[in-house]
Every structure is written in C-alpha cells, then in structure tokens.
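**Student:** Chains as they are written, first to last, in full-length UniProt numbering: chain A, 1 to 156; chain B, 1 to 156.
Please note: incorrect hints may appear among the correct ones.
Said to hold, decoys possible - One side of the interface only, derived from the structure: several residues of chain A facing chain B at Cβ under 7 Å:
| hint | residue |
| --- | --- |
| 1 | V62 |
| 2 | S63 |
| 3 | A75 |
| 4 | V96 |
| 5 | F105 |
| 6 | Q126 |
To be verified - Straight-line C-alpha distance at most 20 Å; calculated DMTMM-like pairs for lysine to aspartate or glutamate:
| hint | chain 1 | residue 1 | chain 2 | residue 2 |
| --- | --- | --- | --- | --- |
| 7 | B | K84 | A | E57 |
| 8 | A | K109 | B | D61 |
| 9 | A | K34 | A | E57 |
| 10 | B | K84 | B | D16 |
| 11 | A | K109 | A | D16 |
| 12 | B | K84 | A | E143 |
| 13 | B | K118 | B | E146 |
| 14 | A | K109 | A | E17 |
| 15 | B | K127 | A | D116 |
| 16 | B | K81 | A | E57 |
| 17 | A | K155 | A | E143 |
| 18 | B | K34 | B | D16 |
| 19 | A | K34 | A | D61 |
| 20 | A | K132 | A | E57 |
| 21 | A | K84 | B | D61 |
| 22 | A | K153 | A | E33 |
| 23 | B | K84 | B | D116 |
| 24 | A | K127 | A | D116 |
| 25 | B | K109 | B | E146 |
| 26 | B | K25 | B | E141 |
| 27 | A | K34 | A | E146 |
| 28 | A | K153 | A | E143 |
| 29 | A | K25 | A | E57 |
| 30 | A | K81 | B | E146 |
| 31 | A | K81 | B | E33 |
| 32 | A | K25 | A | E143 |
| 33 | A | K84 | A | D61 |
| 34 | A | K118 | A | E143 |
| 35 | B | K109 | A | D61 |
| 36 | A | K155 | A | E57 |
| 37 | A | K25 | A | E141 |
| 38 | B | K81 | A | E33 |
| 39 | A | K34 | A | E22 |
| 40 | A | K127 | B | D116 |
Hint data in this document are derived by calculation from the structure and do not stem from the laboratory.
For every residue, glycine included, the Cβ atom is placed at its ideal position computed from N, Cα and C.
Protein chains: 2
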Amino acid sequence: MRYINFSDEPPAMSPDEFFMNEALKEARLALAEKEIPIGAVVVCKGQIIGRGHNLTERLTDVSAHAEMQALTAAANYMGGKYLKECTLYVTLEPCVMCAGAAYWFQLGKIVFGAYDVKLGFGRLNQKITHPKTIITGGIRENECAELVRNFFKSKR
Amino acid sequence: MRYINFSDEPPAMSPDEFFMNEALKEARLALAEKEIPIGAVVVCKGQIIGRGHNLTERLTDVSAHAEMQALTAAANYMGGKYLKECTLYVTLEPCVMCAGAAYWFQLGKIVFGAYDVKLGFGRLNQKITHPKTIITGGIRENECAELVRNFFKSKR
Numbered sequence: 001m002r003y004i005n006f007s008d009e010p011p012a013m014s015p016d017e018f019f020m021n022e023a024l025k026e027a028r029l030a031l032a033e034k035e036i037p038i039g040a041v042v043v044c045k046g047q048i049i050g051r052g053h054n055l056t057e058r059l060t061d062v063s064a065h066a067e068m069q070a071l072t073a074a075a076n077y078m079g080g081k082y083l084k085e086c087t088l089y090v091t092l093e094p095c096v097m098c099a100g101a102a103y104w105f106q107l108g109k110i111v112f113g114a115y116d117v118k119l120g121f122g123r124l125n126q127k128i129t130h131p132k133t134i135i136t137g138g139i140r141e142n143e144c145a146e147l148v149r150n151f152f153k154s155k156r
Numbered sequence: 001m002r003y004i005n006f007s008d009e010p011p012a013m014s015p016d017e018f019f020m021n022e023a024l025k026e027a028r029l030a031l032a033e034k035e036i037p038i039g040a041v042v043v044c045k046g047q048i049i050g051r052g053h054n055l056t057e058r059l060t061d062v063s064a065h066a067e068m069q070a071l072t073a074a075a076n077y078m079g080g081k082y083l084k085e086c087t088l089y090v091t092l093e094p095c096v097m098c099a100g101a102a103y104w105f106q107l108g109k110i111v112f113g114a115y116d117v118k119l120g121f122g123r124l125n126q127k128i129t130h131p132k133t134i135i136t137g138g139i140r141e142n143e144c145a146e147l148v149r150n151f152f153k154s155k156r
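When you get a sec, could you build the whole thing from the sequences and use the hints?
**Tutor:** Shown next, in the form of structure tokens:
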C-alpha cells in the first residue's frame, strides 16, 4: 500500500508511472507534429538517457518508430553497444521490429503502456526479446491508448 | 533452360544471382571496414535504389544492419512510404528486427543468401513479414556463408 495518500498532496507516482509520463510527453510531441502519438524514453539508474517519438511522417520512413529513436539515442549516450541495465518505457506495446531491436541491445527491461493486440510483439508465441529482458505492460494504459485512439478517430 | 551456355563465355547469371552479387560487394565493403560482412541492395524494376552494409561497429549501434540501411535508402529514393514493388537482396537471412522492418515497408520480396538458423526470422513459426512479401533463400549461399564464417574464424 505504498501509494495511499494521507495528505492533500497529489498521490506520489511509482517510478514506472513517472517515466511512462515522460514517454507520454514524447507521444504528445509526436501528436503536435501530426505523427501517430507514440513516445518512448530509455532510463538507466533512474536517469533518462534517450528520448524519442514517432517520426514516420517527417522522415518518410515507416521504420522511424519512437523506440528506435530512443534506443539508438541511449546507446549513443552510453557509448557502448548494450543496454543491459536500461529500461525502455514506451506508450504502446512495441512491434516485432522494435522488440527485435531490443534483442540486439540486450535491453534489461521493457515497460509499455497500451497493449497492441494486432501488431504488438506479444502476439507471437515465441520469445523474440533477449532471454534476460523483463517485460511489463499496462502502465498508464488508458492515457496511452486514448492518445492513439483519438488520433485515428480525428483522421476519419 | 534459359542459362544453358553454348559458347565459351562464362554462363550468364540469373537476375537473382546478379543482384546477390551486388549485395556481396556491399558485404565485402563491410569486411574491409572490419564489420561483420553482411550486405544488401534493394531493387525496383531492375534498378538498384538502395545499398547498405553492416555498420554496427562504426555507428556503435547494434541495430545498424545492412537491411536497415538499404531499406531506408530505398524508401528515401522512392520518396514514398512503401516498397511494394521492390526486392531486398541480402547476403544473410534477415533477423527478426529486419524482417519486422520489411513488414512496415510492405516489401514485395526478400531474397537472401545464407540461412541463419539461430537468429534468422525463419526460426519463428508465425509469419512476421507482410502477407504479400515473397521469400526466397539460398541464392549464392556458399559465398555468402563463407564470408561470415571466415570473419568469425579470423576473430578467434
């Protein structure tokens, strides 16, 4: 019961909620640029070392996903190859390509917001991430899902 | 029987062999740069519109695979999002990340050289490429495999 609030202050966020909020900020940046609103941050020892949002329209590159931006930025910051101690926070369940990238980075943990039943990597019945990568889904799920849902609604 | 040779000239190459040879040239460029020798080209209507080789060391980016370079170069050349009419030639069977990228590009065809039993996308029992993507493997397989095999032998 860590988050019961006895004061008038707003309830404290868990670290996962805090960093997912940062990923949501990235998603809103994508939205402001008329991109599908998906955002990501990479965190190492409590510090954000990579940020990214969907840039498929701006770069005319269907592979320019939020996760790819955040992971390469993080690896660049680290100056090394692997992100074993790092967590990727992303507002939507990663696709197969991004989960495949996470394999190569030997990512420590993936925390995602909304589930993507159709295109998320979780639809596969074989593990494609690194054997040591921990997966958590559903953090701030509603906010993450609603951003994408409203985006596509406004397109119709 | 298109390739029977009645003259003293060397036998003609099939288009697949010709373009795989171009991918092999890219792989040798990688080798010269001390990268794992994997190369790729993207072909549209008989013309090479994207080239790439493995740049994981130079870019310190484990996701900088030959296919990713060639696909983004091709999409950039096309100025559009999709590569429906295009074929990716790559010397090694693509990994899950690259096959996942090919899904987003709605790639017409993938032709690869050597099989990658451990990390190739073919190990998965579900299709992760686009439903319309045609897959062919084993073109100039020995040359493609030998390049990578010799590279790792020389590392030991």
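**Student:** Run every hint past the structure and note whether it holds.
**Tutor:** Against the structure, the hints:
1. The interface hint given for A/V62 is met, as the beta carbon of that residue sits about 4 Å from the closest beta carbon of chain B, less than 7 Å.
2. The closest approach between the C-beta of A/S63 and any C-beta of chain B is roughly 5 Å, which is under the 7 Å cut-off, so the hint is satisfied.
3. Because the closest C-beta pair between A/A75 and chain B is about 6 Å apart, less than 7 Å, the hint holds.
4. The criterion of a C-beta within 7 Å of any C-beta in chain B is met by A/V96, whose closest approach is roughly 4 Å, and the hint holds.
5. At about 6 Å, the closest approach between the beta carbon of A/F105 and any beta carbon in chain B falls short of 7 Å, and the interface hint on this residue holds.
6. Contact between A/Q126 and chain B, as hinted, is supported at the beta carbon level, the nearest pair being about 6 Å apart and thus within 7 Å.
7. Among the hinted pairs, B/K84 with A/E57 is consistent with the structure: their alpha-carbon atoms are about 18 Å apart, no more than 20 Å.
8. Proposed proximity of A/K109 and B/D61 is supported: the alpha carbons are some 18 Å apart, at most 20 Å.
9. Under the criterion of a C-alpha separation no larger than 20 Å, the hint pairing A/K34 with A/E57 is consistent with the structure, at around 8 Å.
10. Under the criterion of a C-alpha separation no larger than 20 Å, the hint pairing B/K84 with B/D16 is consistent with the structure, at around 18 Å.
11. At most 20 Å may separate the alpha-carbon atoms for a hinted pair to count; A/K109 and A/D16 meet this at roughly 11 Å.
12. The straight-line distance between the Cα atoms of B/K84 and A/E143 is roughly 34 Å, outside the 20 Å bound, and the hint therefore fails.
13. Under the criterion of a C-alpha separation no larger than 20 Å, the hint pairing B/K118 with B/E146 is consistent with the structure, at around 16 Å.
14. With a C-alpha separation of about 15 Å, the suggested pair A/K109 and A/E17 falls inside the 20 Å cut-off, and the hint holds.
15. At roughly 17 Å between alpha-carbon atoms, B/K127 and A/D116 fall within 20 Å of each other, so this suggested pair holds.
16. A distance of roughly 9 Å separates the Cα atoms of B/K81 and A/E57; the hinted pair therefore holds under the 20 Å criterion.
17. Distance check on the hinted pair: A/K155 and A/E143 sit about 19 Å apart at the alpha-carbon level, within 20 Å; holds.
18. Under the criterion of a C-alpha separation no larger than 20 Å, the hint pairing B/K34 with B/D16 is inconsistent with the structure, at around 27 Å.
19. Restraint check for A/K34 and A/D61: the C-alpha separation of about 15 Å stays at or below 20 Å, so the hint holds.
20. Simply put, A/K132 and A/E57 have alpha-carbon atoms about 33 Å apart, too far for the 20 Å limit, and the pair is violated.
21. The hinted pair formed by A/K84 and B/D61 meets the criterion: a straight-line CA distance of about 14 Å does not exceed 20 Å.
22. The hinted pair formed by A/K153 and A/E33 meets the criterion: a straight-line CA distance of about 17 Å does not exceed 20 Å.
23. Proximity of B/K84 to B/D116 is assessed by CA-CA distance (about 25 Å); at most 20 Å being required, the pair is judged violated.
24. Of the pairs offered as hints, the one joining A/K127 and A/D116 holds, with about 16 Å between alpha carbons and a cut-off of 20 Å not exceeded.
25. Proximity of B/K109 to B/E146 is assessed by CA-CA distance (about 24 Å); at most 20 Å being required, the pair is judged violated.
26. Taking the CA atoms of B/K25 and B/E141, the gap is near 14 Å; set against the 20 Å cutoff, the hint holds.
27. Our distance criterion of 20 Å between C-alpha atoms is met by A/K34 and A/E146, whose separation comes to about 16 Å.
28. Pair hint A/K153 plus A/E143 holds up; C-alpha atoms about 15 Å apart against a cutoff of 20 Å.
29. Only pairs whose Cα atoms come within 20 Å are accepted, and A/K25 paired with A/E57 is accepted, the gap being roughly 19 Å.
30. Distance hint between A/K81 and B/E146 is unfulfilled; the C-alpha atoms sit about 26 Å from each other, more than 20 Å.
31. Our distance criterion of 20 Å between C-alpha atoms is met by A/K81 and B/E33, whose separation comes to about 18 Å.
32. Taking the CA atoms of A/K25 and A/E143, the gap is about 11 Å. The hint holds against a cut of 20 Å.
33. Of the pairs offered as hints, the one joining A/K84 and A/D61 is violated, with about 28 Å between alpha carbons and a cut-off of 20 Å exceeded.
34. In summary, the hint linking A/K118 to A/E143 is supported, as the alpha carbons are separated by about 19 Å, within the 20 Å threshold.
35. Distance hint between B/K109 and A/D61 is fulfilled; the C-alpha atoms sit about 18 Å from each other, no more than 20 Å.
36. The suggested pairing of A/K155 with A/E57 holds, with an alpha-carbon distance near 14 Å, which does not exceed 20 Å.
37. Proposed proximity of A/K25 and A/E141 is supported: the alpha carbons are some 14 Å apart, at most 20 Å.
38. In summary, the hint linking B/K81 to A/E33 is supported, as the alpha carbons are separated by about 18 Å, within the 20 Å threshold.
39. Our distance criterion of 20 Å between C-alpha atoms is met by A/K34 and A/E22, whose separation comes to about 19 Å.
40. For a cut-off of 20 Å, the pair hint linking A/K127 to B/D116 stands: about 17 Å separates their Cα positions.
The structure fails to meet hints 12, 18, 20, 23, 25, 30, 33 from the earlier list, while all remaining hints are met.
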